[in-house]
Amino acid sequence: MIQLLLFLFYNLLFFPVLFIVYHSYALFRPKYRKGILGRYGVIKAAEKFRNHLDNASRDLYLIHCASMGEFEHLKPFVRRLKERLPKSRTVVMFFSPSGYENVKSAPGVDLIIYSPFDWWFPVYRFLRILRPKALLIAKYDVWPNLMWFSVWRKIPRFLVNATLYDRSSRLKWPLRWLLRPVYGLFDGIFAISEKDRHNFDQLSGKKTTLVVGDTKYDQVVFRSEESRKKTVIPPEIHDNRMVFVAGSTWPEDEEHLIPAIRHYLEISPETLVIICPHEPTAAHLAQLENGLGGLAFTRLSQIENSSAQLQVLLIDRIGVLANLYSLADVAYVGGSFKQNIHNVLEPAVYGIPVLFGPVNQNSHEAQLLKNCGGAIEISGTADLQSQIEKLFSDADFRQQTGAAAQKLVAENRGATDQMLDAVMKKLSGE
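The numbering of the sequence shown is my numbering, which starts it at 370 and goes up by one.
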């Protein structure tokens, strides 16, 4: 009865209002417009794909990710699924344009599309066309109609890399009351930690969540091995120099970073600083350049014209951060003076100390790194200046901190196989 009432409320009232609001935003925001236009083509794309499948590849796995970040962490799972079941097909669907636009192809993926509008009729048609053997949703991005119609079509449902923070609105009234029946429909929830297991048990009202770890660790190891094969910066720029990399930075980070960088370059002018903004827009890069006046800096796109005395390199392209961290002796991870910290494991895998600001509660890995001594949380500009100076001047402390970070990554590998084994057992009825 509760499911029926929620179904009627969601489809007759809530989603129609959401649909109108979403389309209204799209009139003024290109990002929303891209997502809407892409969704109108989902059914045709699914039909075309299904019509070209042969009988030997009838097992299709449907994976939903909110954005590129969620998919990046699931890549090891997708690769291993294809290795184990080479005749199967994998469809990855994204809610956000950031995922769909930036992931044109990936090993193990046969089709990349937008997720359909979560209204009953598009979802019904979408699932009827693809007929997936299983639905896998990354982290927590659950849409009610996708769940309801998967149940109706008897499609097993799994939440993978499941993450739910203590302060999540999903755990509070009224969302908790509204979402509990939906989360209770999963056949398996595979959490990254005991804390997440507890939170999902609270949300779903069931005690069926399993802790299998986070495939993010497997992915950063894989990317670190791949990144060493690719040259982004000419070796003569960074060879025989200490390197500090600030990755995924926002203006809020740079308010502290730039004074700290200036301070340290006065002490050690031969150090190379690399700043990789999260959004390397023209306006953001110009703002950074204004703040770096008086220092020898250039952009990556102009590096061929730089001098041997280059002090600061600004990265004006995306997709190279993992390669840059491989060159670093010390790293700073951005977002930690804004809303949410970015991926702290990307530098940690290289065995280097990781610095970040106070806004890091969203990252389970950041807490683990702090606890094991592989990362240092900084409170502001003066603290950042002090920690940079200490790490670069004290080789033993730098190596000890970096080794602790690398050890944490090594100890948490293996979630991919555990998660895939758990999914296969559920599908086989064990």
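Wrong hints could be hidden among the right ones.
[To be verified] Only pairs whose alpha carbons sit at most 20 Å apart, straight line, appear in this in silico EDC-like list of lysine to aspartate or glutamate: (1) 794 x 452; (2) 456 x 479; (3) 576 x 563; (4) 759 x 698; (5) 759 x 648; (6) 413 x 510; (7) 417 x 479; (8) 739 x 535; (9) 400 x 510; (10) 795 x 648; (11) 739 x 765; (12) 795 x 428; (13) 707 x 648; (14) 575 x 594; (15) 523 x 635; (16) 576 x 535; (17) 502 x 479; (18) 575 x 510; (19) 456 x 790; (20) 739 x 780; (21) 739 x 698; (22) 776 x 765; (23) 739 x 752; (24) 795 x 452; (25) 502 x 535; (26) 598 x 608; (27) 599 x 698.
Because the hints were derived from the structure by calculation, they are not lab data. None of these values were measured; they are calculated from a predicted model.
Outcome of the hint check:
no. : hint      : result
1   : 794 x 452 : holds, 17 Å
2   : 456 x 479 : holds, 11 Å
3   : 576 x 563 : holds, 12 Å
4   : 759 x 698 : holds, 13 Å
5   : 759 x 648 : violated, 29 Å
6   : 413 x 510 : violated, 24 Å
7   : 417 x 479 : holds, 12 Å
8   : 739 x 535 : holds, 18 Å
9   : 400 x 510 : holds, 19 Å
10  : 795 x 648 : violated, 41 Å
11  : 739 x 765 : holds, 18 Å
12  : 795 x 428 : holds, 15 Å
13  : 707 x 648 : holds, 14 Å
14  : 575 x 594 : violated, 40 Å
15  : 523 x 635 : violated, 65 Å
16  : 576 x 535 : holds, 17 Å
17  : 502 x 479 : holds, 15 Å
18  : 575 x 510 : holds, 19 Å
19  : 456 x 790 : holds, 18 Å
20  : 739 x 780 : holds, 15 Å
21  : 739 x 698 : holds, 18 Å
22  : 776 x 765 : holds, 16 Å
23  : 739 x 752 : holds, 16 Å
24  : 795 x 452 : holds, 19 Å
25  : 502 x 535 : violated, 32 Å
26  : 598 x 608 : holds, 16 Å
27  : 599 x 698 : holds, 18 Å
When each numbered hint is compared with the structure, violations occur for hints 5, 6, 10, 14, 15 and 25.
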